[in-house]
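Colleague: The residues making up each chain are set out below.
2 protein chains.
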Amino acid sequence: MSHPHFELTLPPALADGALRVVALGGLGEVGRNMAVLEFAGRLLVIDCGVLFPEDHQPGVDLILPDFEYIRERLDDIEAIVLTHGHEDHIGAVPYLLRLRQDIPLVGSQLTLAFVEAKLKEHRIAPVTLAVREGQTERFGVFECEFVAVNHSIPDALAVAVRTPAGTVLHTGDFKMDQLPLDGRITDLRAFARLGEQGVDLFMVDSTNAEVPGFVAQERGIGPVLDGVFADSTKRIIVASFASHVHRVQQVLDAAHAHGRKVALVGRSMVRNMAIASDLGYLKIPQDVLVDLKQVDQLPDDEIVLMCTGSQGEPMAALSRIANNDHKVSVGPGDTVILASSLIPGNENAVFRVINGLTRLGARVVHSGNAKVHVSGHASAGELLYCYNILKPRNVMPVHGEVRHLVANAALAVQTGVPADRVVLAEDGVVVDLVDGKASIVGAVPCGYVYVDGSSVGGITEAELKDRRILGDEGFISIFAVVSSADGKVLAGPQIHARGFAEQDHVFEDILPELTRALEEAALTGATDTHQLQQVMRRVVGRWVSNRLRRRPMIIPVVVEA
Amino acid sequence: MSHPHFELTLPPALADGALRVVALGGLGEVGRNMAVLEFAGRLLVIDCGVLFPEDHQPGVDLILPDFEYIRERLDDIEAIVLTHGHEDHIGAVPYLLRLRQDIPLVGSQLTLAFVEAKLKEHRIAPVTLAVREGQTERFGVFECEFVAVNHSIPDALAVAVRTPAGTVLHTGDFKMDQLPLDGRITDLRAFARLGEQGVDLFMVDSTNAEVPGFVAQERGIGPVLDGVFADSTKRIIVASFASHVHRVQQVLDAAHAHGRKVALVGRSMVRNMAIASDLGYLKIPQDVLVDLKQVDQLPDDEIVLMCTGSQGEPMAALSRIANNDHKVSVGPGDTVILASSLIPGNENAVFRVINGLTRLGARVVHSGNAKVHVSGHASAGELLYCYNILKPRNVMPVHGEVRHLVANAALAVQTGVPADRVVLAEDGVVVDLVDGKASIVGAVPCGYVYVDGSSVGGITEAELKDRRILGDEGFISIFAVVSSADGKVLAGPQIHARGFAEQDHVFEDILPELTRALEEAALTGATDTHQLQQVMRRVVGRWVSNRLRRRPMIIPVVVEA
Numbered sequence: 000m001s002h003p004h005f006e007l008t009l010p011p012a013l014a015d016g017a018l019r020v021v022a023l024g025g026l027g028e029v030g031r032n033m034a035v036l037e038f039a040g041r042l043l044v045i046d047c048g049v050l051f052p053e054d055h056q057p058g059v060d061l062i063l064p065d066f067e068y069i070r071e072r073l074d075d076i077e078a079i080v081l082t083h084g085h086e087d088h089i090g091a092v093p094y095l096l097r098l099r100q101d102i103p104l105v106g107s108q109l110t111l112a113f114v115e116a117k118l119k120e121h122r123i124a125p126v127t128l129a130v131r132e133g134q135t136e137r138f139g140v141f142e143c144e145f146v147a148v149n150h151s152i153p154d155a156l157a158v159a160v161r162t163p164a165g166t167v168l169h170t171g172d173f174k175m176d177q178l179p180l181d182g183r184i185t186d187l188r189a190f191a192r193l194g195e196q197g198v199d200l201f202m203v204d205s206t207n208a209e210v211p212g213f214v215a216q217e218r219g220i221g222p223v224l225d226g227v228f229a230d231s232t233k234r235i236i237v238a239s240f241a242s243h244v245h246r247v248q249q250v251l252d253a254a255h256a257h258g259r260k261v262a263l264v265g266r267s268m269v270r271n272m273a274i275a276s277d278l279g280y281l282k283i284p285q286d287v288l289v290d291l292k293q294v295d296q297l298p299d300d301e302i303v304l305m306c307t308g309s310q311g312e313p314m315a316a317l318s319r320i321a322n323n324d325h326k327v328s329v330g331p332g333d334t335v336i337l338a339s340s341l342i343p344g345n346e347n348a349v350f351r352v353i354n355g356l357t358r359l360g361a362r363v364v365h366s367g368n369a370k371v372h373v374s375g376h377a378s379a380g381e382l383l384y385c386y387n388i389l390k391p392r393n394v395m396p397v398h399g400e401v402r403h404l405v406a407n408a409a410l411a412v413q414t415g416v417p418a419d420r421v422v423l424a425e426d427g428v429v430v431d432l433v434d435g436k437a438s439i440v441g442a443v444p445c446g447y448v449y450v451d452g453s454s455v456g457g458i459t460e461a462e463l464k465d466r467r468i469l470g471d472e473g474f475i476s477i478f479a480v481v482s483s484a485d486g487k488v489l490a491g492p493q494i495h496a497r498g499f500a501e502q503d504h505v506f507e508d509i510l511p512e513l514t515r516a517l518e519e520a521a522l523t524g525a526t527d528t529h530q531l532q533q534v535m536r537r538v539v540g541r542w543v544s545n546r547l548r549r550r551p552m553i554i555p556v557v558v559e560a
Numbered sequence: 000m001s002h003p004h005f006e007l008t009l010p011p012a013l014a015d016g017a018l019r020v021v022a023l024g025g026l027g028e029v030g031r032n033m034a035v036l037e038f039a040g041r042l043l044v045i046d047c048g049v050l051f052p053e054d055h056q057p058g059v060d061l062i063l064p065d066f067e068y069i070r071e072r073l074d075d076i077e078a079i080v081l082t083h084g085h086e087d088h089i090g091a092v093p094y095l096l097r098l099r100q101d102i103p104l105v106g107s108q109l110t111l112a113f114v115e116a117k118l119k120e121h122r123i124a125p126v127t128l129a130v131r132e133g134q135t136e137r138f139g140v141f142e143c144e145f146v147a148v149n150h151s152i153p154d155a156l157a158v159a160v161r162t163p164a165g166t167v168l169h170t171g172d173f174k175m176d177q178l179p180l181d182g183r184i185t186d187l188r189a190f191a192r193l194g195e196q197g198v199d200l201f202m203v204d205s206t207n208a209e210v211p212g213f214v215a216q217e218r219g220i221g222p223v224l225d226g227v228f229a230d231s232t233k234r235i236i237v238a239s240f241a242s243h244v245h246r247v248q249q250v251l252d253a254a255h256a257h258g259r260k261v262a263l264v265g266r267s268m269v270r271n272m273a274i275a276s277d278l279g280y281l282k283i284p285q286d287v288l289v290d291l292k293q294v295d296q297l298p299d300d301e302i303v304l305m306c307t308g309s310q311g312e313p314m315a316a317l318s319r320i321a322n323n324d325h326k327v328s329v330g331p332g333d334t335v336i337l338a339s340s341l342i343p344g345n346e347n348a349v350f351r352v353i354n355g356l357t358r359l360g361a362r363v364v365h366s367g368n369a370k371v372h373v374s375g376h377a378s379a380g381e382l383l384y385c386y387n388i389l390k391p392r393n394v395m396p397v398h399g400e401v402r403h404l405v406a407n408a409a410l411a412v413q414t415g416v417p418a419d420r421v422v423l424a425e426d427g428v429v430v431d432l433v434d435g436k437a438s439i440v441g442a443v444p445c446g447y448v449y450v451d452g453s454s455v456g457g458i459t460e461a462e463l464k465d466r467r468i469l470g471d472e473g474f475i476s477i478f479a480v481v482s483s484a485d486g487k488v489l490a491g492p493q494i495h496a497r498g499f500a501e502q503d504h505v506f507e508d509i510l511p512e513l514t515r516a517l518e519e520a521a522l523t524g525a526t527d528t529h530q531l532q533q534v535m536r537r538v539v540g541r542w543v544s545n546r547l548r549r550r551p552m553i554i555p556v557v558v559e560a
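Protein sequence lines correspond, in order, to chains A and B. Last residue of the first sequence? That's 560 in numbering that gives the first Met the number 0, and every number before it is there in order. Last residue of the second sequence? That's 560 in numbering that gives the first Met the number 0, and every number before it is there in order.
Simulated from the structure, these hints should not be mistaken for lab results. Where hints are given, some of them may not hold.
When chains are identical, the list treats them as one kind, so a pair holds in a single copy or across two.
[Said to hold, decoys possible] SDA-like mimics (lysine to any residue), calculated; alpha carbons at most 25 Å apart, straight line:
#: 1; residue 1: Lys-292; residue 2: Ala-560
#: 2; residue 1: Lys-260; residue 2: Asp-230
#: 3; residue 1: Lys-370; residue 2: Gly-212
#: 4; residue 1: Lys-464; residue 2: Asn-322
#: 5; residue 1: Lys-370; residue 2: Lys-487
#: 6; residue 1: Lys-292; residue 2: Arg-131
#: 7; residue 1: Lys-117; residue 2: Ser-544
#: 8; residue 1: Lys-464; residue 2: Ser-544
#: 9; residue 1: Lys-436; residue 2: His-325
#: 10; residue 1: Lys-233; residue 2: Gln-413
#: 11; residue 1: Lys-436; residue 2: Asp-299
#: 12; residue 1: Lys-370; residue 2: Val-210
#: 13; residue 1: Lys-260; residue 2: Ala-273
#: 14; residue 1: Lys-370; residue 2: Ala-409
#: 15; residue 1: Lys-464; residue 2: Leu-288
#: 16; residue 1: Lys-119; residue 2: Ser-454
#: 17; residue 1: Lys-487; residue 2: Asp-434
#: 18; residue 1: Lys-119; residue 2: Asn-545
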């Protein structure tokens with residue numbers, strides 16, 4: 000099953016009657032999920048999300064799917080189906096709509112409300128179609144049936160796409176909590192019916208495929224919160240994801256039961272919960288919500304602050320509270336609950352927050368010491384159920400790093416899917432479903448597209464490498480003005496350095512040698528500024544390496560006057 | 000128990016007959032462990048380790064304890080007791096010996112062998128005294144009894160320090176594996192005897208105090224390795240810590256049992272295992288070791304490569320193998336075992352390695368999917384045993400972040416140590432033991448000391464902030480030559496930028512405005528170069544912020560000619 004895609008070439012033209020699937024993100028990373036289905040020259044997009052950068056991508060704001068593959072074919076897109084309202088599934092929609100604003104957005108009521116709020120910030124008014132589970136809609140050649148799935152945000156949908164080439168079932172993100180708070184379970188009856196009718200290609204969430212067993216119930220968190228609330232005699236601060244409506248619901252309910260008021264803290268928390276409440280997904284107990292401004296008038300044991308920042312984001316409320324740099328302060332006896340997962344890569348930041356809060360005297364409850372979080376993604380046990388109920392003819396694991404996709408593929412094979420019908424693809428890999436068999440036929444270029452300030456796609460790996468060098472090693476700039484007549488140094492050389500252990504004055508040692516080297520070079524005929532710049536770079540570079548054991552970026556500038 | 004130390008002042012002079020304890024590292028972080036005991040004007044140092052930097056400390060090589068407190072008192076130091084040979088306990092010894100080379104180093108045979116190999120690289124020949132468990136030595140006013148403890152490196156020691164002010168027991172790093180590979184258990188009989196005699200201050204490893212229960216046995220890893228070896232038909236690559244002699248022992252034994260040869264890969268792995276084998280701590284089965292060069296002559300199913308890089312260090316063997324950038328290559332059917340913990344902060348790097356290996360077709364076995372690692376630090380269950388056996392009069396949790404220290408303190412209180420006898424100190428906090436009671440009496444300055452290239456302590460938080468800005472935002476340098484006569488721009492302005500989405504030519508837009516602004520400034524009398532530089536910074540800064548939405552570092556240079 001394991002196919003390194005190092006040497007794939009561009010795919011052949013799509014055969015008549017065949018279906019093509021290309022993921023432009025989400026296969027090889029957790030985020031920027033986007034799949035493009037093609038039949039008879041027409042396209043259907045499923046999800047269009049963002050990926051958040053890691054520390055080797057410094058300064059980057061967001062990472063988008065690579066739209067290059069569809070840039071010339073925007074008019075062929077029938078619709079964008081959005082499976083749910085998380086950023087890694089909807090966050091890149093504004094960037095795609097900038098290219099063609101009237102692509103119809105299809106999704107559940109809550110999903111569309113979240114994406115519309117986001118588009119409003121980008122001043123885009125989209126064309127939308129709200130759908131519900133059980134509903135079937137046709138978008139050109141694609142007939143889409145929407146199926147309820149359970150996830151860590153309400154109103155998530157899977158989508159079955161019927162074409163003459165066969166039926167694709169795409170799960171979106173899902174798990175199979177059998178007693179969810181809203182009673183809306185993953186519709187295994189629909190999965191069973193689709194399986195009976197025949198699923199030709201099953202595109203299935205891999206995020207937790209490495210995790211054995213089953214995800215615990217969201218409902219189980221309520222009693223844990225209840226216990227923590229009962230033990231708390233002063234203020235309670237809860238941090239979680241700003242879209243986790245059910246988690247917030249349980250906090251509101253626990254607060255209500257313990258006679259506390261809740262203030263929402265953080266712009267996204269306030270906005271999302273207003274939407275969820277307006278649409279009836281969040282049920283706010285009478286009089287439980289108060290404004291943050293009112294909190295100071297309440298006694299400590301009647302306060303709950305529900306905030307963002309559970310991943311240690313430095314500018315979010317919780318980090319600033321932990322640093323004693325927020326209007327909300329924390330002190331001995333207060334309780335802080337991180338009702339969230341610890342997303343890999345965020346450990347140091349989250350532990351810094353926990354240490355800061357502990358140092359201020361707070362008790363910190365988190366998923367490492369209490370059952371205050373459950374995942375939103377099906378574990379191996381749940382995935383096995385799906386495979387057995389669906390008996391798909393072909394499987395294509397989606398949503399995950401390579402290790403997750405490979406683990407999910409192994410589960411499919413264990414349930415009897417033939418190994419040659421399990422397609423391990425990465426971003427940009429082209430999968431054709433021909434005569435009922437899915438296989439890899441090539442790959443299209445599919446890179447990381449960085450949003451960086453106002454630039455989209457302007458920054459490349461080369462600039463990121465420059466940033467890593469600048470961040471690790473600092474830089475030295477050298478200026479000199481030389482006479483175009485005789486090569487004499489008229490002004491400078493001046494050396495400016497930043498990000499160094501040593502101050503600029505240490506470079507005074509090198510200035511005489513540098514002047515000498517420049518004038519010698521001029522004497523030997525090296526009069527063009529480029530050559531003189533190389534001389535400066537070489538002299539300073541060698542000195543810094545020998546003396547300081549560093550390899551900074553060196554920018555030499557010679558001006559002729 | 001929870002004492003924020005924000006407002007502590009310098010301590011009073013140490014009272015006659017009292018003992019002072021100051022940690023110069025290790026209290027508030029996992030690493031750079033170092034404690035200084037003082038009695039009657041004399042000092043005893045326990046451990047002197049390094050801390051590895053996090054990603055908000057870019058380019059930093061190592062972080063040392065802050066020696067400032069003892070810099071003027073080096074001649075008062077009787078000895079440095081080294082509890083074991085891990086970098087976070089011995090790594091800073093060369094930097095301390097640079098200040099006074101003849102401070103006696105006291106430790107077990109293996110510990111001294113590791114520290115001597117390190118000192119040799121620094122060209123320092125130390126004064127050493129090898130000690131064994133059960134042995135008692137006097138260093139001036141300090142009588143030290145050494146006690147065997149079990150840890151993830153052989154030959155670790157705790158030390159009981161007797162002074163007229165009372166007895167301090169310092170555990171070093173330890174756990175309580177009851178069936179360790181070498182049969183050398185943490186000596187609870189000695190702990191019991193010391194407890195009977197009276198332990199006035201118990202300084203105890205906090206690393207795993209948050210973890211409930213007991214650490215599993217190292218011995219349990221053997222059968223797991225055995226099972227993985229039995230399932231492997233091609234090459235096996237094992238990565239672990241280069242000092243984990245017992246882990247390597249188990250790999251050698253498994254290889255021997257399965258008819259495979261082992262090649263050690265990585266300089267530190269080769270060096271440390273040579274030392275351990277010479278001293279008899281590592282028992283190499285006959286003919287099992289081969290040189291890496293010989294591996295190519297062996298069939299795949301007779302090969303084991305034992306290498307470094309289990310934390311995803313980019314330059315270590317395993318990362319380079321995963322990137323297909325090492326003479327050792329990995330392919331479908333090979334097995335890679337990460338027999339190590341996942342140190343917080345390294346997740347992304349380790350998962351990149353796992354994904355790379357998976358993509359190449361290898362099966363990757365790691366602590367997330369098999370029992371191939373156990374911790375070296377006592378969990379809460381073990382710590383409770385210690386408290387109950389020792390019944391210490393005062394407790395000072397050491398080795399850990401604030402959250403670990405607080406968790407350890409809570410365990411002490413649960414066993415009956417009065418809360419006011421549990422001292423929660425951070426680095427630099429001064430703890431005096433007076434009349435049998437330990438309490439905080441002040442604090443001395445104790446910062447992070449960064450090793451950065453050849454600079455020790457030269458780099459400050461300000462330079463690190465510069466590096467973070469450079470790494471996130473890049474920089475722009477602007478250069479102009481102006482006439483000292485009339486303020487006309489004679490050459491330039493030139494703009495050079497690095498780490499940007501946009502190439503230098505985008506700045507051409509701003510050059511005319513910049514020239515205009517400079518000449519206008521000159522006309523209005525701003526002739527000094529500093530003022531003109533501010534004009535350039537302002538014009539370019541505003542333009543970059545408006546046009547590119549970035550805030551790079553801007554370095555303007557004006558030269559008069």
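Colleague: Which numbered conditions among the earlier hints are violated in the structure presented, ordered from lowest to highest?
Modeller: 1, 5, 6, 9, 11, 15, 17
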